[in-house]
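**Student:** Just so you know, the protein sequences line up as chains S and V, in that order. Mind the numbering: the first sequence is residues 1311 to 1479 in my numbering, read in order. Mind the numbering: the second sequence is residues 1311 to 1479 in my numbering, read in order.
Simulated from the structure, these hints should not be mistaken for lab results. Since the model is a prediction, treat every value here as computed from it, not as a measurement. Treat each hint with caution, since some may be false.
It does not matter which identical chain is meant; a pair holds if it fits inside one copy or across any two.
Claimed, not checked - With a straight-line cut-off of 30 Å between C-alpha atoms, the simulated DSSO-like cross-links for lysine-lysine are:
hint, residue 1, residue 2
1, LYS1463, LYS1433
2, LYS1433, LYS1400
3, LYS1433, LYS1416
4, LYS1407, LYS1361
5, LYS1409, LYS1433
6, LYS1400, LYS1466
2 protein chains.
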Amino acid sequence: MEVENRGEKKIVVAVDESEESMHALSWCLNNVISVSHQNSNSTTLVLLYVKPPPPANYSAFDVAGYLFGNDVVADLEDYYRKLVDSVMSKAQQVCMKSKINIKVEKKVGSGDAKDVICGTVEKLGADMLVMGSHGYGFLKRAILGSVSYDCAKQVKCPMVVVKHPKNIS
Amino acid sequence: MEVENRGEKKIVVAVDESEESMHALSWCLNNVISVSHQNSNSTTLVLLYVKPPPPANYSAFDVAGYLFGNDVVADLEDYYRKLVDSVMSKAQQVCMKSKINIKVEKKVGSGDAKDVICGTVEKLGADMLVMGSHGYGFLKRAILGSVSYDCAKQVKCPMVVVKHPKNIS
């Protein structure tokens, strides 16, 4: 699965609501894609956002032991729809700002971030995975810690871990 | 420390005696450096090999409780000198095979692989660190497990983890 052995390159950038993931996207555009700009027709940038699975799949009961009402589920779905739109539109802006004419595909998955990211990379036969070091998302980050190192262990293609200057200790 | 904001790029590739580290070097040459070939005068590839610290620093006693004799220390030093030569010459061949005209610097450090790699990257103000996923070296690998994930956590610049197809499970 060498990039140089194929006509077409697929680069997956896992984006979330963090500034770091936008920094990783920007780094990728400026350091991996811009330098092969002349071949950019053969490169597809896949922006991947992973939503958590629907709450009903987590647990049908809230902390008080009651089933989630349909209105709560609908509110959450609405919240994630808006979040996805906002992240993808921010990512699109980063791409436009780079002034690199590149094919961009948007994908939205749902489930465990590591499983969805690694599964998508494998399914696409991607040549590279790029993500921030502290993703995935503020909730996941708080609950599960960093997803990027788990992905680095599992994913088969080369993976770039990019840190936001803010996250450099 | 953005690559695009500086005239000169420094890319550190941590090499060891594993095939995987040569694969990582080759990947870097073909996917990061080759595409910016026209600017390769401003890019320096730093090949970094880390030897373990001298055995006297580990422990002055061998398993039987005797001090290492000077001959044993000399033999080990000789062994590592040959190993470094062999790894660096293999790395040089990989560079030559890529037919990319790039400035190559060789550095040999001694000590804990993670500390030396991260320290060198910081000292050089490197723009990127590239290494295999299973390094560092067959001894360290067996004793300490993977160094690359520790480096990914510590290093400030973007880091690429490249897997050898053999190590893909």
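**Student:** Hint by hint, which ones does the structure fall short of?
**Tutor:** Violated hints: none at all, because every hint is consistent with the structure.
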